[in-house]
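Novice: Protein chains in written order, with numbering that gives the first Met the number 0: chain A, 0 to 64; chain B, 0 to 470.
Misleading hints may appear alongside valid ones.
Derived CB-CB ranges, DEER-like [as the list claims (entries may be wrong)]:
1. A/Gly25 <-> B/Glu231: 34 to 40 angstroms
2. A/Met0 <-> B/Val166: 32 to 38 angstroms
3. B/Thr157 <-> A/Leu55: 47 to 53 angstroms
4. B/Ser298 <-> A/Met0: 45 to 51 angstroms
5. B/Ser155 <-> A/Leu41: 28 to 34 angstroms
6. A/Ile38 <-> B/Tyr82: 42 to 48 angstroms
7. B/Pro345 <-> A/Ile38: 46 to 52 angstroms
8. B/Leu297 <-> A/Thr24: 18 to 24 angstroms
9. B/Tyr396 <-> A/Ile38: 51 to 57 angstroms
10. A/Pro48 <-> B/Cys428: 44 to 50 angstroms
11. B/Thr157 <-> A/Ala13: 37 to 43 angstroms
12. A/Asp30 <-> B/Pro345: 42 to 48 angstroms
13. B/Phe151 <-> A/Met0: 49 to 55 angstroms
Just so you know, these hints were derived from the structure itself, not from any lab. Computed from a prediction, not measured in an experiment: that's the story for all the values here. Note that the Cβ used here is the ideal one computed from N, Cα and C, for glycine as well.
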Amino acid sequence: MFGLAKVGSLVALAITILPSLLYLTGTIPHDAAKWCTFIGTLLWFIVTPLWMGRELPVDAAEVEI
Amino acid sequence: MASQNDVTGPEPDQQATGEFEREPVPEKALLGPGKFWGMYAGEHAAGTEFMIGPLFLAAGASLQDLILGLLLGNALAVLTWRYLVTPIAVAKRMTLYYQLERIAGGGLVKFYNFVNGILFCFLAGAMVTVSASAVGIPFNIFYEVPEATFGFGAPSFTFLVIIVGTVMAIVAAAGYEMVARVANIAAPWMICIFAACGIVSLAQMEVTSFAVLTEGQFWSDAIDFVQEKEGEKKFTFGQIVIFAWLCNGAMHFGMADLSIFRFARKPSSGWAPAIGMFLGHYMAWIAAALMLAAQIKLSQDHSANPGALAWGALGWTGIICVVIAGWTTANPTIYRAGLAFQGMIPKAPRATMTLVAGAVATLAGAFPNLSAQLLGFVGTYGTVLGPMGAVIVVDYYLMKRMGLNEDYALKSGSPINVAVLIAWLLPVCVGLYLIFQKDLFAAYAVIPAWLACGVIYLLISKVTQKPLTTS
């Protein structure tokens, strides 16, 4: 289950960034790139909490800029 | 002998991490390098990047200077973490605050913490502005920078800042864990979004070949446009290098990241900030600057409004990213400021002090010009807090060699080590004078203040340290 979720997250990240490259190459229009990225974002936030985020890193309360 | 139980900061049950705040980290709690690489990967693609990146272009930095200057500056930052912070962190395994308490005294650490808290409030305020700028986009409420430093923006934006800041303060008062979990999850996605924003911006400017990219006309045109409107400015290669190096001056020169690297099994974990620097303070800064360049080309608007920039690049995804980025940076900042204020008034509940910190941050966020001066603020932040790191370095490497006592406040039972007090305040005051009265680029003051603090601490210690009786 976790393995599948991790694959889902990777797919989500790919959907997040690939559309911008396709837009750069003129393959898809800007609006399509925006909506694909949005879908990738939704997928990421649905799938990723299934396997990430339970344990906080030691610096969770530290401020980094 | 100073009591080990002196409360100089939060009560044990209210401490930020709840682990080994007042003792060296034991062997069983040490972490391998992978943990640190993972931590730093997500930490530096944050809300500040949406503000800082465009400010480089607005300040007149050339594309070539930016690409090379950020490379060099970030490399120097990594070397500072690796060779200044981690050796001491691994040797002592204590938090910055506990080490300082032993050297400088509990009273002085409280004051240092309080100053830290005030600065954190201004940083959080900038992040409130960042998030509010995104929240306002669907409602046509825009962030515009007034002339006066302490001038409010449009009433609608000010109202929005108050709402966003209030919500952030309430969430921070509840603790840092929930937002930290969101930050953890959002980090890899946020890095991709920054990259996507940069790529989309290049496409919007029709920079679709390497030749056009290297020619850099799109960048020069953007700078020319800004300078036509705002007057001629130049951000030099040296300023870029120094800014990139010392942007996190409080964390490396200032030794704040002792609190992180005290968990490192080996000093080589000190290379981990490299991933944060090159994803966040290189890629994300350049991507954010490209967004402004694209906005200038498409709509002849040079306002560095993070929400509008992200909306123009990626629509709703960009808005979500700016909100999350601003929030996940503001939350630990307001939380830490609340802890710092509580350190001054130990009987006050942490939640109350966090709300106070949130209120100060919200007020700071209501002045858009403060956020617009983030480049200068970050340098000032490093100048004020960074020099204390010199005290730690001198205490660790030189005190014994010079026949002096390390951890003098602990050994002598003093609440304030006067040598540290003078060594810290004197260079800081000179630095602030030069920054605010003589228009010195703030980041230039960090290293001289740090060096001066170290030297002054050593010299005054030579004069003021009394021989300690041993039983």
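Novice: Name the hints, by number, that the structure is in violation of.
Specialist: The structure breaks hints 3 and 12; every other hint is satisfied.
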